[in-house]
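J.: Spelled out, the chains give:
Protein chains: 2
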Amino acid sequence: MASVFNDYYSHENHGPFELFDLGNFSLEEGGTLHDGKLAYTTQGTLSAQKDNAILLPTWYSGTSKIMADVHVGKGRAIDPDKYFVIIANQLGNGLSSAPSNTPAPFNMARFPHIRIGDDVRAQHKLVTEQFGLERLELVCGGSMGAQQTYEWAVRYPDMVKRAAPLAGTAKNTPHDFLYVETLNEAITSDPAWNNGWYTDSHAVQVGLRRQARLWSVMGFCTELFKQEAWRELGFSSTEDFVVGFVENYFLPMDPNNLLCMAWKWQRGDVSRHTGGDLKQALERIQAKVFVMPIDEDMFFPPRDCEAEQQLIPNSEFRVLHSVYGHLGLFGIEPDYLKQIDRHLGELLATPV
Amino acid sequence: MASVFNDYYSHENHGPFELFDLGNFSLEEGGTLHDGKLAYTTQGTLSAQKDNAILLPTWYSGTSKIMADVHVGKGRAIDPDKYFVIIANQLGNGLSSAPSNTPAPFNMARFPHIRIGDDVRAQHKLVTEQFGLERLELVCGGSMGAQQTYEWAVRYPDMVKRAAPLAGTAKNTPHDFLYVETLNEAITSDPAWNNGWYTDSHAVQVGLRRQARLWSVMGFCTELFKQEAWRELGFSSTEDFVVGFVENYFLPMDPNNLLCMAWKWQRGDVSRHTGGDLKQALERIQAKVFVMPIDEDMFFPPRDCEAEQQLIPNSEFRVLHSVYGHLGLFGIEPDYLKQIDRHLGELLATPV
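Respectively, the protein sequence lines represent chains G and F.
Sequential numbering from 1 applies to the first sequence in the numbering used here.
Sequential numbering from 1 applies to the second sequence in the numbering used here.
Hints are not guaranteed to be accurate.
Identical chains blur together in the list; that is why a pair holds if it fits in one copy or across any two.
Straight line, CA to CA, 27 Å or less: simulated DSS-like cross-link-like pairs of lysine-lysine [to be verified]:
{"hint": "1", "residue 1": "Lys171", "residue 2": "Lys226"}
{"hint": "2", "residue 1": "Lys279", "residue 2": "Lys226"}
{"hint": "3", "residue 1": "Lys338", "residue 2": "Lys74"}
{"hint": "4", "residue 1": "Lys50", "residue 2": "Lys82"}
Hints were generated in silico from the structure; no laboratory data involved.
Okay, chain G solo, but in the shape it has when bound:
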């Protein structure tokens, strides 16, 4: 792996992770990941029968660390004493191959377009070649992780026994596309972005802060601010919270990495497998699926998720509650973790 351009994407910040060699990995949009790497972590031990593997893909801007923190633990539904848990960092996130860590000439603004399907093919390579898996007990992810979860269940239906897409859709909605467009434009309108050829990723801080503020408007929900629930996190005002939590979260990240993931997010769509027929694509799913939106989510609203759930043969609709809206995914509230464990525990206990 080339030297890391941005020191945010380090073991120090994100914990230890392994790199799986993808070689020269052809992409759906026509480019190639040259000497591509898929960053992943594991917890627990793979059983001799290889019948206890769980795969967790990551969301936009997230890494394996937050997926582990929110979803995995002793005594939790996803317990490493029982399961072999693989957390796969999505391509473009800065731990896996990304604009920030790829050497010239495919670095920065020349990093190729990636699709959700590329992520899932790369993860398939990892779980089959590295671990020799034929079945996954569960695939579970939130937001863009839900997009990957759906893609897994549609693309490799006989490998996925159970799926839990959290706060995400199988086919991105036009409203969501538009929202992400404003996030991207918030970054690229910063003159320091310089068409992706910034001299230092931290130079684009005006753009990163601007996108953080759009996240503040759409990423939570009106009630978080009304109830001032952010006080639990030690902030003293709306502005204190927005700067101290949201701007602070995005500031160290690499703008091209975020734009790479955003491009992919906008175009997540399992119906690419069936010529645009979403029903036909979702009917391919063999997994038992819990479709789990967050009640206050402003851009993956339960209504959109339920419309998809109704097209999935063996599925249930389980709504999570969080006053943090979409960013309830961060697992800030103890009660959210309990909800996750209750539903995932039930799903994992369901014979398939």
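Please build the complex by placing chain F on the supplied structure of chain G, with the hints as guidance.
T.: Below, chain F alone, put in the same frame as chain G:
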């Protein structure tokens, strides 16, 4: 009135309107409108008993024209054959005194801060001095017009017999404040804005288009895009609609005017009359009130409106349906107009 800086704010575009002379009008924030003007229109005839007057204030970016188009007409609930209808353009909107039409030195970026209370005091001056009114049969407005409606009912409780705040709140929410901050920043981040001293208001088109796109995300709702309801307006794609309808709407406007109204919007709060006690403020209301949010509104959600309604003594909660979300206010759907007429008709028929 000084020469109009931006020819958008013309009789040609907004129909004929009158100017009421506010003289040197002192503002709540400490400034003065020098030779201030309140632009208004009337329809119908004031009865000899002066007991048929209705006042309609305007929303952010709107003028008397759209208020008339959506709410007033023969055979409608607000029928000019029956009522004397006064439509008051809010200060800062470009027909009334605004950054775009005020001569130096108080023009453009030096136009003083205006509050909702200033609007309502100016309108009070108009209706009492120009028309000699002591009672208003109804005050009704949407969004910032709802803020003015609430302000009227709290500030002059014995003058307002009925009030219908549509898709707005009596006290702006912190989430809404944050949303409007992103709208403002979308404009002011355009280098052409030049701290408010642009050479031509049309020079700030990148900023105006950027704010239009944030309106597209939050101003409608997810279902509008999912259902492609914009096809009814003759557009062929999401992008075609966003550019052709939303960008096109904001492009001719004056950036300082929008920022002036936005500052006011962010700080709308009737509890300024009662030391921050919203309950006490709303209990002052003597009017019969129909609190009328739009079900799909993403920034004045029904939940916030209902919480206020429950503090208003003689009030009812009437939810409007529109797939256009907040911008359902534009009255694009024939069914929305019917809903408005049904509720306002009932309200006007209620003896007070």
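J.: Hints first: check each against the structure and report whether it holds.
T.: So, going through the hints one by one against the coordinates:
no.	hint	result
1	Lys171 <-> Lys226	between (32 Å within a copy, 11 Å between copies)
2	Lys279 <-> Lys226	between (39 Å within a copy, 16 Å between copies)
3	Lys338 <-> Lys74	within (13 Å within a copy, 58 Å between copies)
4	Lys50 <-> Lys82	within (12 Å within a copy, 80 Å between copies)
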